[in-house]
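> First to last, the protein sequences are chains G and L.
For the first sequence, the numbering used here begins at 234 and goes up steadily by one.
For the second sequence, the numbering used here begins at 11 and goes up steadily by one.
Incorrect hints may appear among the rest.
As a list, the in silico PhoX-like pairs of lysine-lysine whose alpha-carbon atoms are at most 25 angstroms apart [as the list claims (entries may be wrong)]:
id, chain 1, residue 1, chain 2, residue 2
1, G, K367, G, K301
2, G, K367, L, K60
3, G, K387, G, K246
4, L, K60, G, K301
5, G, K246, G, K329
6, G, K367, G, K246
Simulated coverage check for chain G against chain L, where a stretch passes if three residues somewhere in it have a Cβ under 8 angstroms from a Cβ of chain L [to be verified]:
id, segment
7, 236 to 249
8, 306 to 316
9, 374 to 380
In short, the hints are calculated from the structure, not lab data.
Using N, Cα and C, we set each Cβ at its ideal position, and we do this for glycine too.
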Amino acid sequence: MVKTGQLRRSLVKVQEDDFDVSQCLQELREGIPQIGAVAAFVGTVRDLNEGSSIHTMTLEHYPGMTEKSLENIVAVANGRFEILSAMIIHRVGPLKPEDQIVLAACTSPHRQQAFLACEFIMDYLKTEAPFWKKEQTPDGGRWVSARDSDDSAKARWES
Amino acid sequence: MTIHVRLFASLRERTGIDHLQVSEAFEPATVAGLKAHLCVINPMFAEALKDVGRLRAAVNHDMAEDDTIVPPAAEVAFFPPVTGG
Numbered sequence: 234m235v236k237t238g239q240l241r242r243s244l245v246k247v248q249e250d251d252f253d254v255s256q257c258l259q260e261l262r263e264g265i266p267q268i269g270a271v272a273a274f275v276g277t278v279r280d281l282n283e284g285s286s287i288h289t290m291t292l293e294h295y296p297g298m299t300e301k302s303l304e305n306i307v308a309v310a311n312g313r314f315e316i317l318s319a320m321i322i323h324r325v326g327p328l329k330p331e332d333q334i335v336l337a338a339c340t341s342p343h344r345q346q347a348f349l350a351c352e353f354i355m356d357y358l359k360t361e362a363p364f365w366k367k368e369q370t371p372d373g374g375r376w377v378s379a380r381d382s383d384d385s386a387k388a389r390w391e392s
Numbered sequence: 011m012t013i014h015v016r017l018f019a020s021l022r023e024r025t026g027i028d029h030l031q032v033s034e035a036f037e038p039a040t041v042a043g044l045k046a047h048l049c050v051i052n053p054m055f056a057e058a059l060k061d062v063g064r065l066r067a068a069v070n071h072d073m074a075e076d077d078t079i080v081p082p083a084a085e086v087a088f089f090p091p092v093t094g095g
């Protein structure tokens with residue numbers, strides 16, 4: 234039986250600056266000795282997308298809605314999984330290949346719930362949080378299209 | 011009663027508009043009604059919608075559907091499907 238609604242700490246940040254994963258996970262775990270598992274996902278900028286090399290990727294977002302959307306995703310995850318703390322950091326502004334874009338991390342007494350919650354958060358973020366990517370390629374700028382596979386990744390949590 | 015409309019990403023670029031205000035009434039008072047009204051008062055918006063394809067909307071910072079009610083003084087945003095993460 235999964236005990237949901239156990240969240241002690243929720244950390245959501247939208248920022249231009251890079252982040253240090255080790256420091257972030259320390260902040261996520263600090264003072265919660267019931268934690269036995271930490272699962273973290275980091276999304277990064279690829280140098281190649283759909284056949285074109287990428288010079289820069291610029292992340293636009295909807296200030297005000299973005300934070301509300303991410304906090305809501307954490308709240309829904311807390312209602313479904315046994316997580317003790319959760320964190321989402323998403324960068325905005327211009328980024329280069331190899332740069333970190335996003336961190337999603339969850340803690341739990343045991344690994345399975347931490348893994349599941351982390352994946353759930355990323356699947357919802359991909360389809361619900363108001364961010365848009367624009368890539369600069371040798372042929373000019375182009376907005377990244379949404380992928381159907383992201384919709385189906387989210388849909389599997391709804392069945 | 012003014013509705014604050016915000017546009018993002020490719021829709022903002024195509025129209026050259028990031029923010030506009032709608033003070034006239036529109037029927038029905040939903041996301042679909044507002045979208046149709048914007049197409050009438052702003053040909054740039056109508057033109058851009060053809061290229062954007064699937065359009066999404068938010069009312070007062072919550073994701074919305076075509077039949078979502080637009081309350082007085084709401085902030086309504088239109089944008090293409092999101093691509094974060």
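> List in ascending order the numbers of the hints, as given earlier, that are violated by the structure.
Violated hints (numbers, rising): 4, 7, 8; every other hint is consistent with the structure.
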